[in-house]
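Spelled out, the chains give:
Protein chains: 2
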Amino acid sequence: MTYRAPLTDIAHALKVAGLDELVETGAFDGADSETVTAVLEAAGQFTEGVLAPLNRSGDQEGVRLENGKVRSAAGFAAAWKQYAEGGWTGLAADPAFGGQGLPKVLSLAAFEMAHAANMSFALCPLLGEGAIHLLSLHGTNRQQDLYLKNLVSGAWTGTMNLTEPQAGSDLALVRCKAEPHGANYRITGQKIFITWGDHDMTDNIVHLVLARLPDAPPGVKGISLFLVPKVLVGDDGKLGAANALRPLSIEKKLGIHASPTCVMGYEGAYGEIVGKPGDGLPLMFLMMNSARLNVGMEGVGVAEAATQKALQYARERRQGRSPWSKDQTALIVDLPDVRRMLALMTAKTQAARAICYATAVASDMANHAESEHAREAAKLREDILVPIAKAWSTDVAVEVASLGVQVHGGAGFIEETGAAQFYRDARITPIYEGTNGIQAMDLAGRKLGLENGKAARDLLIEMRSTQIADKTIAAHLSDAIAACERATDWMLANRGTPDALGAATTYLKLMGDTVGGWMLAKGADDAARLGLARFYASQVLTLAGGLADTVESGSAGLENAAILGA
Amino acid sequence: MTYRAPLTDIAHALKVAGLDELVETGAFDGADSETVTAVLEAAGQFTEGVLAPLNRSGDQEGVRLENGKVRSAAGFAAAWKQYAEGGWTGLAADPAFGGQGLPKVLSLAAFEMAHAANMSFALCPLLGEGAIHLLSLHGTNRQQDLYLKNLVSGAWTGTMNLTEPQAGSDLALVRCKAEPHGANYRITGQKIFITWGDHDMTDNIVHLVLARLPDAPPGVKGISLFLVPKVLVGDDGKLGAANALRPLSIEKKLGIHASPTCVMGYEGAYGEIVGKPGDGLPLMFLMMNSARLNVGMEGVGVAEAATQKALQYARERRQGRSPWSKDQTALIVDLPDVRRMLALMTAKTQAARAICYATAVASDMANHAESEHAREAAKLREDILVPIAKAWSTDVAVEVASLGVQVHGGAGFIEETGAAQFYRDARITPIYEGTNGIQAMDLAGRKLGLENGKAARDLLIEMRSTQIADKTIAAHLSDAIAACERATDWMLANRGTPDALGAATTYLKLMGDTVGGWMLAKGADDAARLGLARFYASQVLTLAGGLADTVESGSAGLENAAILGA
Numbered sequence: 197m198t199y200r201a202p203l204t205d206i207a208h209a210l211k212v213a214g215l216d217e218l219v220e221t222g223a224f225d226g227a228d229s230e231t232v233t234a235v236l237e238a239a240g241q242f243t244e245g246v247l248a249p250l251n252r253s254g255d256q257e258g259v260r261l262e263n264g265k266v267r268s269a270a271g272f273a274a275a276w277k278q279y280a281e282g283g284w285t286g287l288a289a290d291p292a293f294g295g296q297g298l299p300k301v302l303s304l305a306a307f308e309m310a311h312a313a314n315m316s317f318a319l320c321p322l323l324g325e326g327a328i329h330l331l332s333l334h335g336t337n338r339q340q341d342l343y344l345k346n347l348v349s350g351a352w353t354g355t356m357n358l359t360e361p362q363a364g365s366d367l368a369l370v371r372c373k374a375e376p377h378g379a380n381y382r383i384t385g386q387k388i389f390i391t392w393g394d395h396d397m398t399d400n401i402v403h404l405v406l407a408r409l410p411d412a413p414p415g416v417k418g419i420s421l422f423l424v425p426k427v428l429v430g431d432d433g434k435l436g437a438a439n440a441l442r443p444l445s446i447e448k449k450l451g452i453h454a455s456p457t458c459v460m461g462y463e464g465a466y467g468e469i470v471g472k473p474g475d476g477l478p479l480m481f482l483m484m485n486s487a488r489l490n491v492g493m494e495g496v497g498v499a500e501a502a503t504q505k506a507l508q509y510a511r512e513r514r515q516g517r518s519p520w521s522k523d524q525t526a527l528i529v530d531l532p533d534v535r536r537m538l539a540l541m542t543a544k545t546q547a548a549r550a551i552c553y554a555t556a557v558a559s560d561m562a563n564h565a566e567s568e569h570a571r572e573a574a575k576l577r578e579d580i581l582v583p584i585a586k587a588w589s590t591d592v593a594v595e596v597a598s599l600g601v602q603v604h605g606g607a608g609f610i611e612e613t614g615a616a617q618f619y620r621d622a623r624i625t626p627i628y629e630g631t632n633g634i635q636a637m638d639l640a641g642r643k644l645g646l647e648n649g650k651a652a653r654d655l656l657i658e659m660r661s662t663q664i665a666d667k668t669i670a671a672h673l674s675d676a677i678a679a680c681e682r683a684t685d686w687m688l689a690n691r692g693t694p695d696a697l698g699a700a701t702t703y704l705k706l707m708g709d710t711v712g713g714w715m716l717a718k719g720a721d722d723a724a725r726l727g728l729a730r731f732y733a734s735q736v737l738t739l740a741g742g743l744a745d746t747v748e749s750g751s752a753g754l755e756n757a758a759i760l761g762a
Numbered sequence: 197m198t199y200r201a202p203l204t205d206i207a208h209a210l211k212v213a214g215l216d217e218l219v220e221t222g223a224f225d226g227a228d229s230e231t232v233t234a235v236l237e238a239a240g241q242f243t244e245g246v247l248a249p250l251n252r253s254g255d256q257e258g259v260r261l262e263n264g265k266v267r268s269a270a271g272f273a274a275a276w277k278q279y280a281e282g283g284w285t286g287l288a289a290d291p292a293f294g295g296q297g298l299p300k301v302l303s304l305a306a307f308e309m310a311h312a313a314n315m316s317f318a319l320c321p322l323l324g325e326g327a328i329h330l331l332s333l334h335g336t337n338r339q340q341d342l343y344l345k346n347l348v349s350g351a352w353t354g355t356m357n358l359t360e361p362q363a364g365s366d367l368a369l370v371r372c373k374a375e376p377h378g379a380n381y382r383i384t385g386q387k388i389f390i391t392w393g394d395h396d397m398t399d400n401i402v403h404l405v406l407a408r409l410p411d412a413p414p415g416v417k418g419i420s421l422f423l424v425p426k427v428l429v430g431d432d433g434k435l436g437a438a439n440a441l442r443p444l445s446i447e448k449k450l451g452i453h454a455s456p457t458c459v460m461g462y463e464g465a466y467g468e469i470v471g472k473p474g475d476g477l478p479l480m481f482l483m484m485n486s487a488r489l490n491v492g493m494e495g496v497g498v499a500e501a502a503t504q505k506a507l508q509y510a511r512e513r514r515q516g517r518s519p520w521s522k523d524q525t526a527l528i529v530d531l532p533d534v535r536r537m538l539a540l541m542t543a544k545t546q547a548a549r550a551i552c553y554a555t556a557v558a559s560d561m562a563n564h565a566e567s568e569h570a571r572e573a574a575k576l577r578e579d580i581l582v583p584i585a586k587a588w589s590t591d592v593a594v595e596v597a598s599l600g601v602q603v604h605g606g607a608g609f610i611e612e613t614g615a616a617q618f619y620r621d622a623r624i625t626p627i628y629e630g631t632n633g634i635q636a637m638d639l640a641g642r643k644l645g646l647e648n649g650k651a652a653r654d655l656l657i658e659m660r661s662t663q664i665a666d667k668t669i670a671a672h673l674s675d676a677i678a679a680c681e682r683a684t685d686w687m688l689a690n691r692g693t694p695d696a697l698g699a700a701t702t703y704l705k706l707m708g709d710t711v712g713g714w715m716l717a718k719g720a721d722d723a724a725r726l727g728l729a730r731f732y733a734s735q736v737l738t739l740a741g742g743l744a745d746t747v748e749s750g751s752a753g754l755e756n757a758a759i760l761g762a
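These protein sequence lines map, in sequence, to chains A and B. 197 is the number of the first residue of the first sequence in this note's numbering; add one for each residue after it. 197 is the number of the first residue of the second sequence in this note's numbering; add one for each residue after it.
Any given hint could be a false lead.
[Stated by the list, open to error] To give an idea of the chain B side of the interface with chain A (calculated C-beta under 8 Å), a few residues:
id	residue
1	445
2	516
3	532
4	612
5	619
6	724
7	751
8	761
These are calculated hints, taken from the structure and not from any lab test. Quick caveat: nothing in here was measured; it's all calculated off a predicted structure. For each residue, glycine too, the CB sits at the ideal point set by N, CA and C.
Go ahead and model the full structure; you've got the sequences and the hints to work with.
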């Protein structure tokens, strides 16, 4: 079996996340329920029929650098053409630029299916989304006309060029140079880990590149952002000569083999500034925040795909005896420990989906809610949820993909089965677009600091005030919320100290576990969902008190480097 | 950097595990402390100098099936020759068969280093150990003379042939046939997942094969065990014609690429019975139990190697600012969240090592303690610890290898760095030699049932009675032991029910977490080890109460298959 788009679960999660309330704001003309259904069904068909069949072949074939150009895996260029023609690249973009103006949450639901079907492929539009978001807000009219519209239509693709060998998580160390040249700039330097930095799927690629002007101050304040096309574009929109940039090499990676990860060389390349000199970091964060939530979505997608594959296997494979089945040799889905793994995979995947969709709805509401008060509240909610959506969902992706291998037993370790690919592919998601450690620092630092903890407190208050009918769930959830309250108090009291830095990852896990359990409980509107929410409560929320204890132990002696031995 | 044998940590763990008391039994003539030190140092040199340099090249090259024969990766055959000549294949074997008669725990310490340096290579002698153990106890004099001595010397290697396509964890389904032919048998059938089932490192391979006699009853009682050489052996020990067996194909796997995993075809091959007809299962378990502990050791090895690599990287890579370092750009080892990951990796690796060594000492003591009472107590201890040593240590291996990738950030996802290989290689360890789910069933079922829970209770009593001076550790440990006591009572009260089966994996994790923390605390004889034990207590033992709550939720609604959706 290949991927089947979980349309019922997705529609349910959109409802729980508040899609209806979002549409009621009137900000999304076209987003009536028929349209929503039609978009989801079309995304399901496209991802099942076009993207999923290229997932394993792309993994096996990988990408090649030939004569200075990246060749994508067989079928990818044709799939991109269909993807663009289907309007998938501009789902949430402004109609003024050729987009469909649908809610971000709906666009992300479609992305989830693309990630699940073919993570390597979907990474390309994921990065394009960041560029579209940025240029919609900060591009000049000319940039919007010449570049943005082609990104929205999918005629071209976009990339983010941040990392350099010495500058990974720490962008203060960026050295790439931008020298004024007429009204524009010459960009020189090397960038690494550039996803889809080169390929043969479209005629042009729009690179957004962090670099320093000659007179820029050191550190992050000296960084500016530049638009650097692969092929020069005339004022009439016609493609001209090649720009002075090229992929120097591509990485041999653990996973996402069909997604080229390039070292890019800029050799005095033509570049246009986006925004003002020195605005690089905030502009980069605009792209990055869009990408962070989308990477969380990627986690949901690969977790969903891994769960489906494991479930399918467990419903066909017979071994041993079950206390619940009369079969002489049981289907392994009927063995308690296997069903436990599958239920954990299902529950965590659904919890991660709920968190990501809720983050997207908050983001939409932050722009479109009717009152300023509602927009501000939604912005706070988005701010606190983004690092959780990114980090918790991607940690879940790795955990679920690993459980998926385990459910398969020995067969899971054989590449042919496909479970191993999810385990390999998923492993990048806690790393890129800000490692999960960075997300934890963001949550424990800047996000917790907003209005002295208001974002976290508002969330906890809303969780506390939710009526949960099921007694088992209500009891576990109440304990878990109490653990979150205690840990939040402690994190606020210690904000910025080494103790809080040492406890940040555990705090994020505690918050993610609890918010996920709360969302499953809120959405438990039938017996199956209620059973799953109860299972999650008794398997995951039970650990919340211990996690809060761990948070309160702070850095737990880590300040002494001798703890790691000689 | 490549692997460095952690001789200080290993010597420390051997001491805490009770090697001295073992030697004092007088059962191991040669095992004075100079010999122990010399063996460990020699193992360190050999694994660092010979095996580790072949780890990445073996991963990249893999193995090939050419003209019906498996070709090992470059350098492996020469390394095997050195391994055999060094006496490593017979470290714990009986001197009567050419072995060195050293304690099993010392042999396993040497194995740990081999696993860490090159997991693919070390798998070959791991399986040979099982065959040596079996034939030492149950081989005929002729089998010991013709086969066992060659296994002990490393002239030949051994395999275990259990699995068939329809019979993985459930050996009742084995179909391979053994038909009487003169005094011996003709073996016919197909076996899968046969590690080092064929290779070019030695002249012969001794296969131990589960099969059914024509008149055998169905189920596991109808299984017998056969010795089937790759090349026929004359009564004079000379090699004759090829036997009627061959590797049909090799698997393309997620990891351990240099270890051939074969589908083996037996086409009326000559076989000799080992033990009596119908003894297959208990004899197989003799081999399997030896292999299970050794797979736990493999988990320790790969976790150690992953930790070393991550630590090395974190001590070279600079990014961001640290609250503990005055560097403008800090080494990432000085970032609290990175140091947290490294400390968790270090602590869990050391805890897993302590558990595995303690299991090995119990096994040695079960054979060699002076009083029958002490031997019986040691056997109970070995019985309860084997599933924990196997499952907990290998889950730790996967967790630690994954953290190792994370510490590297983007570089961890690039194969060249080497962190990804550990992540891939480690993933098989929770699967083979009995999945970790099977280990949990063994612990919660047969092992907990021994003398109505005596094995678990004796362990908990010993843990309770250990004086821990450090107050932080003592408090967390006491809580964790209480959680184990509560969970053990519950598991005993519910033994054999679906609830206990659903809770078994969580129970095993709880026991492993706690026993590991207890062992770290027992061994905390300097400031660094005390710091690490305290860190573990505040990060891991804190979760014990929640795990016990999870155990008590039993199968938590899993009996309803609808929990998994349609």
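Results of checking the hints against the structure:
{"no.": "1", "hint": "445", "verdict": "11 Å, violated"}
{"no.": "2", "hint": "516", "verdict": "5 Å, holds"}
{"no.": "3", "hint": "532", "verdict": "4 Å, holds"}
{"no.": "4", "hint": "612", "verdict": "7 Å, holds"}
{"no.": "5", "hint": "619", "verdict": "7 Å, holds"}
{"no.": "6", "hint": "724", "verdict": "4 Å, holds"}
{"no.": "7", "hint": "751", "verdict": "6 Å, holds"}
{"no.": "8", "hint": "761", "verdict": "6 Å, holds"}
Hint compliance for this structure: hint 1 alone is broken.
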